[in-house]
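Peer 1: Produce the complete structure using the sequences and hints provided.
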Amino acid sequence: MQQMTNTAELSVTALAGDPEAFRLLVDGYRHRLFRLAFRMTGQTQDAEDLVQETFLRAYRNLARFDARASMGTWLYRICTNAALDHLRQRRPRERAQVPIEDDYVSATATPERLAASGETQMAITRALDGLTPVERAAFTMRHYEQLSIAEIGAALGLGANATKNTIFRGVQKLRRELAPLQKGCL
Amino acid sequence: MKHADEKALIAHAMGLDDGDERICDCADCQRELAQIQATLATLSSWEVPEISQRPILLPEPKARGVRRPLWAGVWAGAIAAALIAAFALGRFSRPVAPLAKPAATANADPSRVLLVVVADHLDRTQALLVELEHPLAAPGARTVDLSLQQSGARELLASNRLYQQGADRSGDRKIAQLLAGLEPILLQIAQSPDRVTAAEWTKLEDRIAESGILFQVRVADENLQATLRKSLLNQEQHNQEQHKAL
Numbered sequence: 000m001q002q003m004t005n006t007a008e009l010s011v012t013a014l015a016g017d018p019e020a021f022r023l024l025v026d027g028y029r030h031r032l033f034r035l036a037f038r039m040t041g042q043t044q045d046a047e048d049l050v051q052e053t054f055l056r057a058y059r060n061l062a063r064f065d066a067r068a069s070m071g072t073w074l075y076r077i078c079t080n081a082a083l084d085h086l087r088q089r090r091p092r093e094r095a096q097v098p099i100e101d102d103y104v105s106a107t108a109t110p111e112r113l114a115a116s117g118e119t120q121m122a123i124t125r126a127l128d129g130l131t132p133v134e135r136a137a138f139t140m141r142h143y144e145q146l147s148i149a150e151i152g153a154a155l156g157l158g159a160n161a162t163k164n165t166i167f168r169g170v171q172k173l174r175r176e177l178a179p180l181q182k183g184c185l
Numbered sequence: 000m001k002h003a004d005e006k007a008l009i010a011h012a013m014g015l016d017d018g019d020e021r022i023c024d025c026a027d028c029q030r031e032l033a034q035i036q037a038t039l040a041t042l043s044s045w046e047v048p049e050i051s052q053r054p055i056l057l058p059e060p061k062a063r064g065v066r067r068p069l070w071a072g073v074w075a076g077a078i079a080a081a082l083i084a085a086f087a088l089g090r091f092s093r094p095v096a097p098l099a100k101p102a103a104t105a106n107a108d109p110s111r112v113l114l115v116v117v118a119d120h121l122d123r124t125q126a127l128l129v130e131l132e133h134p135l136a137a138p139g140a141r142t143v144d145l146s147l148q149q150s151g152a153r154e155l156l157a158s159n160r161l162y163q164q165g166a167d168r169s170g171d172r173k174i175a176q177l178l179a180g181l182e183p184i185l186l187q188i189a190q191s192p193d194r195v196t197a198a199e200w201t202k203l204e205d206r207i208a209e210s211g212i213l214f215q216v217r218v219a220d221e222n223l224q225a226t227l228r229k230s231l232l233n234q235e236q237h238n239q240e241q242h243k244a245l
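Chains as they are written, first to last, in numbering that gives the first Met the number 0: chain A, 0 to 185; chain B, 0 to 245.
Calculated directly from the structure, the hints in this document are not laboratory data. Don't take every hint at face value.
Stated by the list, open to error - Listed next, with one range per pair, are the computed distances between beta-carbon atoms:
{"#": "1", "chain 1": "B", "residue 1": "K173", "chain 2": "A", "residue 2": "R63", "range": "47 to 53 angstroms"}
{"#": "2", "chain 1": "B", "residue 1": "T196", "chain 2": "A", "residue 2": "A62", "range": "52 to 58 angstroms"}
{"#": "3", "chain 1": "B", "residue 1": "D27", "chain 2": "A", "residue 2": "T131", "range": "28 to 34 angstroms"}
{"#": "4", "chain 1": "A", "residue 1": "P18", "chain 2": "B", "residue 2": "D17", "range": "25 to 31 angstroms"}
{"#": "5", "chain 1": "A", "residue 1": "L61", "chain 2": "B", "residue 2": "E235", "range": "19 to 25 angstroms"}
What the hints assert, rightly or not - Simulated crosslink set (DSS-like; lysine-lysine; CA at most 30 angstroms straight-line):
{"#": "6", "chain 1": "B", "residue 1": "K173", "chain 2": "B", "residue 2": "K229"}
{"#": "7", "chain 1": "A", "residue 1": "K172", "chain 2": "B", "residue 2": "K243"}
{"#": "8", "chain 1": "A", "residue 1": "K172", "chain 2": "B", "residue 2": "K173"}
{"#": "9", "chain 1": "B", "residue 1": "K243", "chain 2": "B", "residue 2": "K229"}
{"#": "10", "chain 1": "B", "residue 1": "K202", "chain 2": "B", "residue 2": "K173"}
Claimed, not checked - Here's a subset of chain B near chain A, in silico, CB distances under 10 angstroms, partners left out:
{"#": "11", "residue": "A10"}
{"#": "12", "residue": "W45"}
{"#": "13", "residue": "L113"}
{"#": "14", "residue": "V115"}
{"#": "15", "residue": "R206"}
Where a beta carbon is used, it is the ideal one built from N, C-alpha and C, also for glycine.
Peer 2: What follows is the structure, given as structure tokens:
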């Protein structure tokens, strides 16, 4: 099992009912899913819960997974759906009040840079909270995770054009929201 | 060359255009492109914290070699005993009018049996969750003993799945949803180490508190008990009416 690092091979073995293979898939994807979930929610605890939920849902529905498809895309889809449910349950006002966590900023930063960085992080969180859950998901998957339009569309259940337009709308909103930060930079 | 609109500039900055499309090189278009790129660079500076070492919990595999869980025997026995008792009550109690439905059949109604066992399950779950607030800790010890709660959670976890399926089949969505929500909590307790540090225990306790599951279990349990009491009362009234008719 140690040498079995190929994701496709692991997926097939996991599908055959080998829990150890699924455990290895978990190890391979948990960091990536955490990044996605964190950028979707802005909260460490929520992101960790979403990763747990993703693997639990995936494990329960393993029989539905098509072995010819990509395990990564499938897990992203499950995680995105879980995050969308989570964001929809969170009221807009609540979203805007998400506190900035201490671990956003590097411990080696100077007080001035720390303050500036803290402000930037806060502005980013606020700007992302201004997006709809689907816009946020589409933007996150494209900008941070570098997924293709086809993969994002598959995860969100959108066509290629709708996916692109969702990303465009998201970026337009982010530009407006972050414009004050850009003044003086250019 | 035609000026680029905002969409085209965003597509270019995000690598969503065909790649060989050229963007107008006038000062206005280039300035706007630079602004979009700066916005995206700012967004890229958002740091993601490290994921904790919290293990990912998964249900125990149902694969071969898994020992038969304790609950299976206990509950199968309990349900069988309830059915036998119900049958015996009907067999030896006073005969009723031939066309009337015997009490034994009513008592053995599978949905009623499910209600009884689920109510008991919720009672035991409540007890477990409350017990977690008072784990065994020797004075001055650095760790707390969760082994009792852990084994209790394992038994409950197995029966939880069984009852969830039963509730699903009988169309009781509320109970099925509650049991589905209970599963990850039971799983976390079942898979926690025998002994945990005070900090780990607090984290577990916090998660349970945040989920609000104890409150939901209490409410559902009370509702179930009320339904059962009402059903019992109706049954008694029905029996009395039958006796009067005789």
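Peer 1: Now tell me if each hint is right for this structure.
Peer 2: Taking the hints in turn, this is what the structure says about them:
For the pair K173 (chain B) and R63 (chain A), the beta carbons lie near 25 angstroms from each other, so the given range of 47 to 53 angstroms is not met. One distance hint, 52 to 58 angstroms for the beta-carbon pair T196 (chain B) and A62 (chain A), is violated here, with the actual separation near 38 angstroms. Between D27 (chain B) and T131 (chain A) the Cβ separation comes to about 30 angstroms, which falls inside the hinted range of 28 to 34 angstroms. For the pair P18 (chain A) and D17 (chain B), the supplied restraint of 25 to 31 angstroms is violated, since their beta-carbon distance comes to about 45 angstroms.
Distance hint check: the CB atoms of L61 (chain A) and E235 (chain B) are about 48 angstroms apart, inconsistent with the given range 19 to 25 angstroms. Our distance criterion of 30 angstroms between C-alpha atoms is met by K173 (chain B) and K229 (chain B), whose separation comes to about 19 angstroms. A threshold of 30 angstroms between alpha carbons decides the hint, and for K172 (chain A) with K243 (chain B) the separation of about 76 angstroms lies outside it, so the pair is violated. Annotation: proposed proximity of K172 (chain A) to K173 (chain B) is violated, straight-line Cα distance about 39 angstroms (limit 30 angstroms).
This hinted pair checks out: K243 (chain B) and K229 (chain B) have alpha carbons roughly 21 angstroms apart, not beyond 30 angstroms. For the suggested pair K202 (chain B) and K173 (chain B), the alpha carbons sit about 28 angstroms apart, so the restraint of at most 30 angstroms is met. Evaluation of the A10 (chain B) hint against chain A yields a held restraint, the C-beta minimum of about 7 angstroms falling below 10 angstroms. Hint status for W45 (chain B): holds, given a least beta-carbon distance of 5 angstroms to chain A, under 10 angstroms.
Interface hint status for L113 (chain B): violated, as the beta-carbon distance to the closest one in chain A is roughly 22 angstroms, over 10 angstroms. The closest approach between the C-beta of V115 (chain B) and any C-beta of chain A is roughly 27 angstroms, which is over the 10 angstroms cut-off, so the hint fails. Because the smallest distance between the Cβ of R206 (chain B) and any Cβ of chain A comes to about 8 angstroms, under 10 angstroms, the interface hint for this residue holds.
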